[in-house]
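S.K.: Residue numbers (the UniProt record's numbering), protein chains in the order written: chain F, 1 to 282; chain B, 1 to 469.
It is worth saying that the hints were derived from the structure and are not from the lab. Heads up, the beta-carbon is just placed ideally off N, CA and C, and yes, glycines get one too. Among these hints, one or two may not hold up.
[As the list claims (entries may be wrong)] List of simulated lysine-lysine pairs, DSSO-like, C-alpha gap at most 30 Å: (1) B:K419 - F:K235; (2) B:K28 - B:K313; (3) F:K263 - B:K115; (4) F:K235 - F:K164; (5) F:K263 - F:K72; (6) F:K263 - B:K28; (7) F:K150 - F:K183; (8) F:K72 - B:K199; (9) B:K8 - B:K53; (10) B:K28 - B:K53; (11) F:K91 - B:K313.
[As the list claims (entries may be wrong)] So the derived label-pair ranges between C-beta atoms look like this: (12) F:R83 - B:S233: 24 to 34 Å; (13) B:G421 - F:D53: 31 to 41 Å; (14) B:E25 - F:P77: 37 to 47 Å; (15) B:S233 - F:S81: 22 to 32 Å; (16) F:R262 - B:A44: 51 to 61 Å; (17) B:T227 - F:K72: 26 to 36 Å; (18) F:R202 - B:G421: 31 to 41 Å; (19) F:S81 - B:H17: 25 to 35 Å; (20) B:E25 - F:K263: 28 to 38 Å; (21) F:D245 - B:L370: 40 to 50 Å; (22) B:D375 - F:T259: 14 to 24 Å; (23) F:K72 - B:G64: 42 to 52 Å; (24) F:K263 - B:G421: 55 to 65 Å.
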Amino acid sequence: MFEVVSNEILAENLHKMVLVAPRIARARKAGQFVMVRLAQGEERIPLTIGDADPEAGTITLFIQAIGASTRKIVDTPVGGSIRDVAGPLGKETHITNWGRVACVGGGVGTAVLFPLVKALAEAGNEITTIIGGRSSRYVILADELGALSKNLLITTEDGSLGSKGFVTGPLGEMIADPACAPKAVFAVGPVPMMKAVANMTREPGIETIVSLNPIMIDGTGMCGGCRVQVGSETKFACVDGPEFDAHLVDFDGLSDRLTSYRKEEAQRHAATDCKIAKEVAK
Amino acid sequence: MSNDLSPKERMAIERVHMPELPADERSKNFEEVNQGLTPEQAVAEAQRCLQCKSRNCVAGCPVGVSIPEFIDALASDDLPRAAQVLRGDNALPAVCGRVCPQETQCEALCVRGKKGDAVAIGYLERYVADWAMQHPEGLIAIEAPEPTGKSVAVVGCGPAGLTAAGELARQGHKVTIFEALHDTGGVLRYGIPEFRLPKEIIDREVAVLSRMGVTIECNVIIGKTLTIPQLRSEFDAVFIANGAGLPTMLNIMGENLKGVYAANEFLTRVNLMEAGRRADSSTPILQRDEVAVIGGGNTAMDCVRTARRLGAKRAMIVYRRSETEMPARVEEIKHAKEEGVEFIMLTAPIAIVPTEDGWVSALRCQKMELGPADDSGRRRPQAIEGSEFDLPAGIVINAVGTSANPLLTATAPDLTLNKWGNIVADEEGETSIPGVFAGGDIVRGGATVILAMGDGKRAAAAIDKYLKR
Ligand SMILES: Cc1cc2nc3c(=O)[nH]c(=O)nc-3n(C[C@H](O)[C@H](O)[C@H](O)COP(=O)(O)OP(=O)(O)OC[C@H]3O[C@@H](n4cnc5c(N)ncnc54)[C@H](O)[C@@H]3O)c2cc1C
Ligand SMILES: Cc1cc2nc3c(=O)[nH]c(=O)nc-3n(C[C@H](O)[C@H](O)[C@H](O)COP(=O)(O)OP(=O)(O)OC[C@H]3O[C@@H](n4cnc5c(N)ncnc54)[C@H](O)[C@@H]3O)c2cc1C
Ligand code: SF4
Ligand code: SF4
Ligand code: FES
Numbered sequence: 001m002f003e004v005v006s007n008e009i010l011a012e013n014l015h016k017m018v019l020v021a022p023r024i025a026r027a028r029k030a031g032q033f034v035m036v037r038l039a040q041g042e043e044r045i046p047l048t049i050g051d052a053d054p055e056a057g058t059i060t061l062f063i064q065a066i067g068a069s070t071r072k073i074v075d076t077p078v079g080g081s082i083r084d085v086a087g088p089l090g091k092e093t094h095i096t097n098w099g100r101v102a103c104v105g106g107g108v109g110t111a112v113l114f115p116l117v118k119a120l121a122e123a124g125n126e127i128t129t130i131i132g133g134r135s136s137r138y139v140i141l142a143d144e145l146g147a148l149s150k151n152l153l154i155t156t157e158d159g160s161l162g163s164k165g166f167v168t169g170p171l172g173e174m175i176a177d178p179a180c181a182p183k184a185v186f187a188v189g190p191v192p193m194m195k196a197v198a199n200m201t202r203e204p205g206i207e208t209i210v211s212l213n214p215i216m217i218d219g220t221g222m223c224g225g226c227r228v229q230v231g232s233e234t235k236f237a238c239v240d241g242p243e244f245d246a247h248l249v250d251f252d253g254l255s256d257r258l259t260s261y262r263k264e265e266a267q268r269h270a271a272t273d274c275k276i277a278k279e280v281a282k
Numbered sequence: 001m002s003n004d005l006s007p008k009e010r011m012a013i014e015r016v017h018m019p020e021l022p023a024d025e026r027s028k029n030f031e032e033v034n035q036g037l038t039p040e041q042a043v044a045e046a047q048r049c050l051q052c053k054s055r056n057c058v059a060g061c062p063v064g065v066s067i068p069e070f071i072d073a074l075a076s077d078d079l080p081r082a083a084q085v086l087r088g089d090n091a092l093p094a095v096c097g098r099v100c101p102q103e104t105q106c107e108a109l110c111v112r113g114k115k116g117d118a119v120a121i122g123y124l125e126r127y128v129a130d131w132a133m134q135h136p137e138g139l140i141a142i143e144a145p146e147p148t149g150k151s152v153a154v155v156g157c158g159p160a161g162l163t164a165a166g167e168l169a170r171q172g173h174k175v176t177i178f179e180a181l182h183d184t185g186g187v188l189r190y191g192i193p194e195f196r197l198p199k200e201i202i203d204r205e206v207a208v209l210s211r212m213g214v215t216i217e218c219n220v221i222i223g224k225t226l227t228i229p230q231l232r233s234e235f236d237a238v239f240i241a242n243g244a245g246l247p248t249m250l251n252i253m254g255e256n257l258k259g260v261y262a263a264n265e266f267l268t269r270v271n272l273m274e275a276g277r278r279a280d281s282s283t284p285i286l287q288r289d290e291v292a293v294i295g296g297g298n299t300a301m302d303c304v305r306t307a308r309r310l311g312a313k314r315a316m317i318v319y320r321r322s323e324t325e326m327p328a329r330v331e332e333i334k335h336a337k338e339e340g341v342e343f344i345m346l347t348a349p350i351a352i353v354p355t356e357d358g359w360v361s362a363l364r365c366q367k368m369e370l371g372p373a374d375d376s377g378r379r380r381p382q383a384i385e386g387s388e389f390d391l392p393a394g395i396v397i398n399a400v401g402t403s404a405n406p407l408l409t410a411t412a413p414d415l416t417l418n419k420w421g422n423i424v425a426d427e428e429g430e431t432s433i434p435g436v437f438a439g440g441d442i443v444r445g446g447a448t449v450i451l452a453m454g455d456g457k458r459a460a461a462a463i464d465k466y467l468k469r
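Please construct the entire structure, taking both the sequences and the accompanying hints into account.
M.R.: As structure tokens, then:
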């Protein structure tokens, strides 16, 4: 059992949750994740370790409640507990001092980006962080990322915050200007966003790392469910990744596999909605 | 009652038939197929045993279960004694009685099998073990051993780890099992389906260990949460039994299409996560009318029979050799056939054909013929030119095998591995690091439950010796 010591709402459907997990807090490195299962009978889902405090023995998760499992997890109150948290899993991010780097986050990818930005800042990089969302309500962690970055740029699709458009807009401007062009780019977000970033940096040959989000079951390399095509090789994202060289990733294959259970998820989503509605009606 | 029949009387008894759920009923649910012998059946079958002096059967069992002795006790209707004998030799008799490939082990060497049918040793073992579980009061209580003050870490909660933990606890050592998943049992839990091995059996075995003072910590991944060097410094000895959990890819076109599963994923979803077994299961699983499973081992049988239970109208085994070469247990093949599984033999997959929107539409195959025998003594399959054909399928499951998962070994550079990534250990299980032992599938590659248990037992004895040095 892993006790919840805090659970804050940062933005609509985005929770920051702190859990007691001393061993994971001590072992964890930037870029790694945990497999979380709320209770008996629930799904195992991967969540990035956003931050950790080895002394206090706690880890921080940023969770976007988008489906049945994430919603139930964020509903756990302070003092409550999560049955299973296993990790840290995945490879740690390769961090060096590149000098100037750009970190690009979209949607919940921004949460996954946070520990990377922190580690890159600690290594002395000069960071431009570009985060985006559909509207201001979906832009998360702006203050936290702003504190670690030299520049923070925000884009929204409806222009309700920052500049109107996509994260690729400001990134394109940076790349085009020799005085600002980054030595490395880290991008985490929806697959189409990561694909667009990879396409922008391929030509100028800028090293680009993406953190992939395939469906996972065990997270230990046992099931093969998280496989992605990277160059000529099939990789298991949970053990070989989740970070990969963006220029080699088959993004179309990844986004296609992510839809494998769309029908089943929608049904379950509807079922939990119903249950909630019924309880409220009582 | 005593077991004093004449050999002639014994020879006159026919081998028992295991009562089974009817095939059309069971192929729609996950209930155990083999219902277990009745007391009368068990005693009569036990009386078939000739109590041979040569004890051929014992030589066929990898852990040397005292077969004639436990059968004699059963034939005399002395179940407490039968259970006691069995327990002394085998920590998981209820599991082995169900899943051992008896026809190639103990029963293969049974004298009665030379002319007619071997004694049903597996069924009898299961009978006695199930009886013992229901009658704990009938057993002589095991006395709590004197604590030795030594501690041992066991990595992995599969049959090898469970066996070693039990043996070490019995010697008075303080044992902690670290398991990566959220539940116990290893392959027994996530791989072998409920209809062959009810999970309740694992729960009971684990409860016995807990009563003996063994601590089980799930959600601890050695190599990630803690490392082997850390365990080495915190415990007096370490036993590594993390299995062979890494799927082998087919490396054919279309392997990443939607609807292609590695056996481990398919089985884990259904067995460990209960997908498709509970109406409100939170983990999803795909269901299609046509399911093609590639492979001929127990894993392939488990996948195809599971697919059938999830509703597949055509559940197919695609195997590149012929049925006689299939490594699966004979009983699984028989059960699968009864359940309506199609066996497509001498057929090798060459590609998976997609639909327009990225799902599986067919398995492209090639017909094979058997050529001369290879190193393993099995006749090597050779492709027949121009024999390609497409087998319509909505799901393709790859059950061709697993190998060593490098997650743990990657963080223990002092551990010597062979070229396949398996840990190198001597007969006693000792590895290249003093005080670190290993056994089960991580040493042998994919093997059997009883071999893994045998390793656990031998390693526990060696660890005990090491700790008392
Ligand atoms: C390595 C890794 C790290 C992650 N870190 C975080 C994190 O820090 N915070 C966080 O909120 N989420 C993170 N995710 C994503 C998270 O695991 C998924 O959002 C979660 O599994 C969805 O479960 P659900 O039951 O709530 O939603 P579902 O009902 O399963 O899905 C809801 C919707 O999300 C889509 N979806 C399903 N799985 C994923 C996925 N893996 N990624 C993106 N979309 C998906 C579905 O197609 C569906 O449209 C991470 C994923 C990976 C692989
Ligand atoms: C589907 C299937 C059907 C089978 N059917 C039969 C059968 O009918 N008869 C038979 O005799 N054999 C059968 N086998 C083979 C048999 O199950 C295995 O040989 C046996 O389980 C091996 O035991 P083990 O203890 O070595 O490993 P496992 O059973 O694999 O257990 C290893 C455990 O270690 C855990 N682990 C892995 N890595 C780590 C880590 N880094 N840290 C902590 N824990 C870790 C795993 O999660 C797992 O729980 C079957 C195998 C499969 C896959
Ligand atoms: S453990 Fe397996 S091989 Fe040994 S006697 Fe029992 S069933 Fe036969
Ligand atoms: S070989 Fe067969 S008949 Fe002889 S003792 Fe063993 S089980 Fe009995
Ligand atoms: S999640 Fe199972 S192998 Fe990666």
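S.K.: Compare the structure with each hint and give your call.
M.R.: Hints versus structure:
1. Among the hinted pairs, B:K419 with F:K235 is consistent with the structure: their alpha-carbon atoms are about 20 Å apart, no more than 30 Å.
2. The hinted pair formed by B:K28 and B:K313 meets the criterion: a straight-line CA distance of about 11 Å does not exceed 30 Å.
3. This hinted pair does not check out: F:K263 and B:K115 have alpha carbons roughly 57 Å apart, beyond 30 Å.
4. At most 30 Å may separate the alpha-carbon atoms for a hinted pair to count; F:K235 and F:K164 exceed this at roughly 36 Å.
5. For the proposed pair F:K263 and F:K72, the alpha carbon gap of about 20 Å is at most 30 Å, so the pair holds.
6. With a CA separation close to 23 Å, the supplied pair F:K263 and B:K28 stays within the 30 Å bound.
7. A distance of roughly 15 Å separates the Cα atoms of F:K150 and F:K183; the hinted pair therefore holds under the 30 Å criterion.
8. For a cut-off of 30 Å, the pair hint linking F:K72 to B:K199 stands: about 27 Å separates their Cα positions.
9. For the suggested pair B:K8 and B:K53, the alpha carbons sit about 17 Å apart, so the restraint of at most 30 Å is met.
10. This hinted pair does not check out: B:K28 and B:K53 have alpha carbons roughly 46 Å apart, beyond 30 Å.
11. Distance restraint check for F:K91 and B:K313: the Cα-Cα separation of roughly 42 Å exceeds the 30 Å cut-off, and the hinted pair is therefore not satisfied.
12. For F:R83 paired with B:S233, a C-beta distance near 29 Å keeps the hint of 24 to 34 Å intact.
13. At roughly 36 Å, the beta-carbon separation of B:G421 and F:D53 lies within the given 31 to 41 Å, and the hint holds.
14. Remark: the range hint 37 to 47 Å for B:E25 to F:P77 is upheld by a beta-carbon distance near 45 Å.
15. A C-beta distance of roughly 30 Å is found between B:S233 and F:S81, which places it inside the suggested range of 22 to 32 Å.
16. About 56 Å separates the C-beta atoms of F:R262 and B:A44, a value consistent with the hinted range of 51 to 61 Å.
17. Take B:T227 and F:K72: their Cβ atoms lie about 33 Å apart, and the range 26 to 36 Å holds.
18. Distance hint for F:R202 and B:G421: a CB-CB separation of about 34 Å, consistent with the stated range 31 to 41 Å.
19. Between F:S81 and B:H17 the beta carbons are some 50 Å apart, a value that contradicts the proposed interval 25 to 35 Å.
20. Separation of B:E25 from F:K263 is about 29 Å and conforms to the stated range, judged on CB atoms against 28 to 38 Å.
21. The hint said 40 to 50 Å for the Cβ distance between F:D245 and B:L370, and at roughly 44 Å that hint holds.
22. Judged by the Cβ atoms, the range 14 to 24 Å given for B:D375 and F:T259 is violated: they are separated by roughly 44 Å.
23. For F:K72 and B:G64, the Cβ-Cβ distance of about 50 Å falls inside the hinted range of 42 to 52 Å, so the restraint holds.
24. Roughly 38 Å separates the CB atoms of F:K263 and B:G421, a value that falls outside the hinted 55 to 65 Å.
Hints 3, 4, 10, 11, 19, 22, 24 from the earlier list are contradicted by this structure; the remaining hints agree with it.
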